[in-house]
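Participant: Taken in order, these protein sequences are the chains called D and C. Sequential numbering of the first sequence, starting at 0, is according to numbering that gives the first Met the number 0. Sequential numbering of the second sequence, starting at 0, is according to numbering that gives the first Met the number 0.
These are calculated hints, taken from the structure and not from any lab test. It is possible that part of the hints are untrue.
[Unchecked claim] One-sided and incomplete, this derived list gives chain C residues near chain D with beta-carbon spacing under 8 Å:
| id | residue |
| --- | --- |
| 1 | Pro214 |
| 2 | Trp252 |
| 3 | Met253 |
Glycine residues also receive a C-beta, built at the ideal position from the N, C-alpha and C atoms.
Each chain, letter by letter, is given below.
There are 2 protein chains.
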Amino acid sequence: MMQLGRYQPPSRQTVIYGQPVAQALPQVLSEHWVTQAVLVTNTSLTQPGGFSEQIQQVLADRFRNIVKGIRENTPREDVVRIAAALRSKGMEAVVALGGGSVVEAAKAARICVTNNVRDAADLDRLLTATTAAPPRPYLISIPTTLSAAEYTPDACVTDERTGVKHVFHHPDLAPDVVILDPAMTLLTPQRLWLSTGVRAINHAVETWCAMQPTPYSDATSLYAARTLFRTLPQSKTAPDDLEIRLACQIGSWMSIQGVTIGVSQGASHGIGQALSSIMGMAPGITSCVMLPHVLRFNAPVNGERQKALSEAAGRAGRPLSDVVEEIVAELGLPSRLRDAGVAEEMLPTIAEAALKNPRIKANPRPVEGERDMLAILEAAW
Amino acid sequence: MMQLGRYQPPSRQTVIYGQPVAQALPQVLSEHWVTQAVLVTNTSLTQPGGFSEQIQQVLADRFRNIVKGIRENTPREDVVRIAAALRSKGMEAVVALGGGSVVEAAKAARICVTNNVRDAADLDRLLTATTAAPPRPYLISIPTTLSAAEYTPDACVTDERTGVKHVFHHPDLAPDVVILDPAMTLLTPQRLWLSTGVRAINHAVETWCAMQPTPYSDATSLYAARTLFRTLPQSKTAPDDLEIRLACQIGSWMSIQGVTIGVSQGASHGIGQALSSIMGMAPGITSCVMLPHVLRFNAPVNGERQKALSEAAGRAGRPLSDVVEEIVAELGLPSRLRDAGVAEEMLPTIAEAALKNPRIKANPRPVEGERDMLAILEAAW
Numbered sequence: 000m001m002q003l004g005r006y007q008p009p010s011r012q013t014v015i016y017g018q019p020v021a022q023a024l025p026q027v028l029s030e031h032w033v034t035q036a037v038l039v040t041n042t043s044l045t046q047p048g049g050f051s052e053q054i055q056q057v058l059a060d061r062f063r064n065i066v067k068g069i070r071e072n073t074p075r076e077d078v079v080r081i082a083a084a085l086r087s088k089g090m091e092a093v094v095a096l097g098g099g100s101v102v103e104a105a106k107a108a109r110i111c112v113t114n115n116v117r118d119a120a121d122l123d124r125l126l127t128a129t130t131a132a133p134p135r136p137y138l139i140s141i142p143t144t145l146s147a148a149e150y151t152p153d154a155c156v157t158d159e160r161t162g163v164k165h166v167f168h169h170p171d172l173a174p175d176v177v178i179l180d181p182a183m184t185l186l187t188p189q190r191l192w193l194s195t196g197v198r199a200i201n202h203a204v205e206t207w208c209a210m211q212p213t214p215y216s217d218a219t220s221l222y223a224a225r226t227l228f229r230t231l232p233q234s235k236t237a238p239d240d241l242e243i244r245l246a247c248q249i250g251s252w253m254s255i256q257g258v259t260i261g262v263s264q265g266a267s268h269g270i271g272q273a274l275s276s277i278m279g280m281a282p283g284i285t286s287c288v289m290l291p292h293v294l295r296f297n298a299p300v301n302g303e304r305q306k307a308l309s310e311a312a313g314r315a316g317r318p319l320s321d322v323v324e325e326i327v328a329e330l331g332l333p334s335r336l337r338d339a340g341v342a343e344e345m346l347p348t349i350a351e352a353a354l355k356n357p358r359i360k361a362n363p364r365p366v367e368g369e370r371d372m373l374a375i376l377e378a379a380w
Numbered sequence: 000m001m002q003l004g005r006y007q008p009p010s011r012q013t014v015i016y017g018q019p020v021a022q023a024l025p026q027v028l029s030e031h032w033v034t035q036a037v038l039v040t041n042t043s044l045t046q047p048g049g050f051s052e053q054i055q056q057v058l059a060d061r062f063r064n065i066v067k068g069i070r071e072n073t074p075r076e077d078v079v080r081i082a083a084a085l086r087s088k089g090m091e092a093v094v095a096l097g098g099g100s101v102v103e104a105a106k107a108a109r110i111c112v113t114n115n116v117r118d119a120a121d122l123d124r125l126l127t128a129t130t131a132a133p134p135r136p137y138l139i140s141i142p143t144t145l146s147a148a149e150y151t152p153d154a155c156v157t158d159e160r161t162g163v164k165h166v167f168h169h170p171d172l173a174p175d176v177v178i179l180d181p182a183m184t185l186l187t188p189q190r191l192w193l194s195t196g197v198r199a200i201n202h203a204v205e206t207w208c209a210m211q212p213t214p215y216s217d218a219t220s221l222y223a224a225r226t227l228f229r230t231l232p233q234s235k236t237a238p239d240d241l242e243i244r245l246a247c248q249i250g251s252w253m254s255i256q257g258v259t260i261g262v263s264q265g266a267s268h269g270i271g272q273a274l275s276s277i278m279g280m281a282p283g284i285t286s287c288v289m290l291p292h293v294l295r296f297n298a299p300v301n302g303e304r305q306k307a308l309s310e311a312a313g314r315a316g317r318p319l320s321d322v323v324e325e326i327v328a329e330l331g332l333p334s335r336l337r338d339a340g341v342a343e344e345m346l347p348t349i350a351e352a353a354l355k356n357p358r359i360k361a362n363p364r365p366v367e368g369e370r371d372m373l374a375i376l377e378a379a380w
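With these hints in hand, go ahead and build the complete structure from the sequences.
Facilitator: Written as structure tokens, this is what we have:
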């Protein structure tokens, strides 16, 4: 069948890698003529010895304010707190230091500023992104995990009233600049570092296996898989090796490129979101548990295509589901729902929620209602 | 050694592939609100039964003018002719149908329009690109070869006064939209089709082997090499197979992505430009002849890295220089300078010119003056 598609590049985003943040950040700020900036980060990085102090020093006389304690799953209240800080007269940039939750909050805060959203409830207005004014001010992201949230034009934010996560979208929502300095990841707990790495593997694998991949997504997801399958186990063995950590960061960057140009991911992401919403499970852990079983479910329709990734992992000839399972085990991460705190009687509730997720429709093998969904979940349990 | 770099995406460019031009072109013109367009093409495509008539029909009442007979190597006079046609009041787009020379001419004509360049000599002004106003109007490219000139922000134009080729550059010089319809390549002479394909292999190989590759260039050049090594020989055997032709076009697209983000190519491109300038050799043929010998020369410094491409060609374990030579032979293309019309006594002149080319400095193994250069050329002779 002839390939068919339209490639439209995502928003322009600069990525600086391998240069220490103490050099890269002042340079970026000068280039953008930034004289006033707000720092946004989570609680652990503001502990004594955490990196937020270091970034504050690098910001030097450009530093104006810090918004600390951004929580997991990005509650709306945190978004609104950042937006309030950005409203100060002449604030020209926000620097986000942290994992996915921090950058998601900073992304969302920028369209709150430009659309005059002042409280959590008012965020509802931005759910129809077509009416939203472009985000401001500049956003510079210094990631500390491998979640790849830095690269997408979406912000996933939790509505505290209902516990539901909503996705806010604007074509220019992704950070303007991403600085990949592996030294900034050294305080990240190993389980978080490695499991977000498996999340990135999940991005690459489900993009590669997508129903409508593109030349760009194929090139980048294969690169990402080849890199991450090799470097994540290395990073576990040698956690202080910055070169390996940077290679993981680059793998994560490439893993999501297909998504940034609109390639849809499948059931592992769809079920993962249900597990996060209902069980509060971290996205990386959902990938550890679900990806092998989704691959096994899909193998009858795309087993041939999966082979290239087993090869990329240096394990040609073995089913990709087994390869992923083995790597998750090598990383010391959970591979069963029961080990991740899910009681068996929750499975029907999870199945029901997952079936409503739009990514299930994008799965290569159709998930035929509750029966199929429960079978996948039971296998993973 | 730690990877280090800055990724800045090139100008936004839309690529539509696999959709017939009769569908894709009207859609693009509507999206850009184009009501008046100029068609630019070469002599062969305006012959009876050539595709220019078909494109004129697709343009329908948007068609205003045609500039025919764009010559090889893009002489300045042709650029100026296009610019004159684009100056008509309210002209909103130029459609370039043809190979590298046609699209180079259309690219250059657009900055002539916006910088009020009205004759060939006046083009000198644009050699300092920093002062040039952005190109207009929209440029839509329908390529008929695999040269990949559609994707770069440079236009290579011959100064008829001296025979020297100059490169005009503007960050937004690349066409706004590229339409890859393999049916539009069916009239391209096979030797031109296949040799521009080897040119694209040369882009991918020298980008992969560059001294400072990037994650993006690695991902895309590996994809391109893997695709083209396989599909070019298939396209020779089955010249009417549109699916294979499209795969070649996609390989060509990916082959040049590293260059569009600033990765430098090496000696095969550098020597190739000297051969084109002095001997009038087609760029694709220079790649057929020179690439294997440049790879052999470079093998002592990057032989390990070259191995991945032999593997991508499905010929793991064989030196890449031999692999390229074999594929060029399978394609029925010349592999020696003497078979491409170069007399042995010209080699010193070519060596002298090549040594001045900036790409020689970007070659992975330093080319130490005339002795090294002559050795490469003699091996290729």
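Participant: Classify the hint on C/Pro214 as holds or violated, based on whether any CB of chain D lies nearer than 8 Å to its CB.
Facilitator: Result: holds, 5 Å to nearest chain D Cβ.
Participant: Checking hints one by one. Is C/Met253 an interface residue toward chain D, by the C-beta closer than 8 Å rule?
Facilitator: holds (6 Å)
Participant: Hint check: is the beta carbon of C/Trp252 less than 8 Å from a beta carbon of chain D?
Facilitator: holds (7 Å)
The earlier numbered hints are all upheld by this structure, with none contradicted.
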